Every structure is written in C-alpha cells, then in structure tokens.
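Chemist: Sequence:
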Amino acid sequence: MRSIALWICCMVLSAFAAEASVADSVQDSTVHEMGDVWNIALPRQSVYQEKGFSVGVAGGVFYPSEKCDCLGIWQGQLEYYYSSWISGGIDVRFFGGDLDSDVMILYQRYRMNTRFHLAFKTVDLFLSPVFGLESTDIQEFRDEWDNREEEWWRPGMDLDSVVHHKDCEKMFMLDGFSVGAEFGAGWRFSKLFGITGDAMYEYNFAGAHLLTLTPGVAFSLRDVWPWAYTNLTSAWISVELGFQRYFNRGVPEWAQSLFFGFQIGV
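Numbering (this note's numbering), first residue to last: 28 to 293.
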C-alpha cells in the first residue's frame, strides 16, 4: 500500500510539474484559438468547445446494491455545437454481466439531449431536456414484474428473498421511453485539470423516477500531447463517479458506478 501511495503522489507531482512547464507556452495560443473561452471538460465525457464535434467513450463498473453482483458498463457520447450557446447530442450506455448467480443480462439505455450553455472563461453551465429509450433482453424480468402481486403469495416462497431479488431486477426493468432534465457544469480550474458534475432527473413511462448524480475530475491531454494540440480542438481523460436512486419502486439503496473515459473534439 505504501508503494502504491508513493506512486500516486509521484504521478500527481509530475502532472503539476508538467502543467507549470507548459502553461506559459500554450496559454496565449489556447485563448486565441478558442476565443475568450477555453475548452472546458463536462460530465459524461463531453466538452464545451464553442464549435465542432465532440466524441467521448468510457468504461467501468456498476454496483447496483449489496444483493446484486457488479456489472460491466460502457458508454459513448456524440455531440455537435450548433453555436457557442447550444449543442445537441446522443449517448448510449450498455450494462452487461451476471446480475446474480442465476441471471445474466444486457441492458441498454439511449438518450438524446439539447444543451443550452452559459459559458465563461473557465466555467460552463448547461441545462438540457433529455429524451431516452431503455431496453433489456431478459423477458423473465418483465414477466415477474407484471405478476409481482401473485408472487408475494406463492406457497413456500420466502418473503425476504423475493424482495431482495426484485430490488436487483427493478433497476433493469425500465423498458420504454423516458423524459427528464439535466443540469451540469464544468470548471477548468487550471491549465491541465477540470472538475465536472451534473444532476439528472428522469421519469420512465413504466412508472419509475430516477435521479442520477455524477461528479468527476478531468485531465487535459491536449495540452501535454503535441499531436493532439495541433490536430484536435480538445482532448480529455476523466474519472467519474455515479450515484443513482430509483424512487417509488421500493428500492432503498443508491446504485454506484465508476467510469474511466476519453474525449476528443474536432
């Protein structure tokens, strides 16, 4: 553990040393290239860059609850800036793996958004309506949910085991359409580092309410990679945490996720 901690400290010190060495050389050209606003990292592997396309990908793990196994999770984001204050995009997210000892799932979420931005030199705030589509390939989940009232009274069925098992299933049964709103922000507090965060509320027409909180930290790869600085408008790597809560479905726990992502802008 000491060696790991020492390695992390060395990496952080090296990053800040690199920041100091490149700050003077890139500051004038970055501000000139992007106007009065830098490119600013935003949640979900996106970026504020005033114009052009942004593409982001990420992978990680999703921990639904103590009664479920961890799942693998992948997501991708594509966004286009129509002007300096409005952008539109789509993102996809896939959950896959063994939910428990008996069930393996593949769960998909698709979203469309239109973001309205209020940008300053190092800070961007945005508000966005969100339209989504969810799908899972486990028909048994849907059948069990439709017949849940009957299962409570099945002879010989342990009540607690039914409740715990269904808490896992309920998180992956939001089939159909959803609508919601997202508020997010990014702060580029130095040449190389930024902080991101957002809060998203969604209502699924299956009758579920979902709140998602996503804080993160990002590192500007473009400002330490000469090729990216010459050919890309932005390039960031990021680490994000996710906290999800399903309301009005009897799921008392916050699901958690961890993402490692990469973004480029052209």
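In short, the hints are calculated from the structure, not lab data.
Just so we're clear, the structure is a prediction, and the values are computed from it rather than from any experiment.
Hints should not be assumed to be uniformly reliable.
[Stated by the list, open to error] Here are the computed lysine-lysine pairs in the DSS-like style, where the Cα-Cα straight-line distance is at most 25 Å:
no.	residue 1	residue 2
1	K148	K94
2	K78	K148
3	K78	K218
Chemist: Run the structure past the numbered hints and jot down the numbers of the failing ones, going up.
Modeler: Failing hint: just 1.
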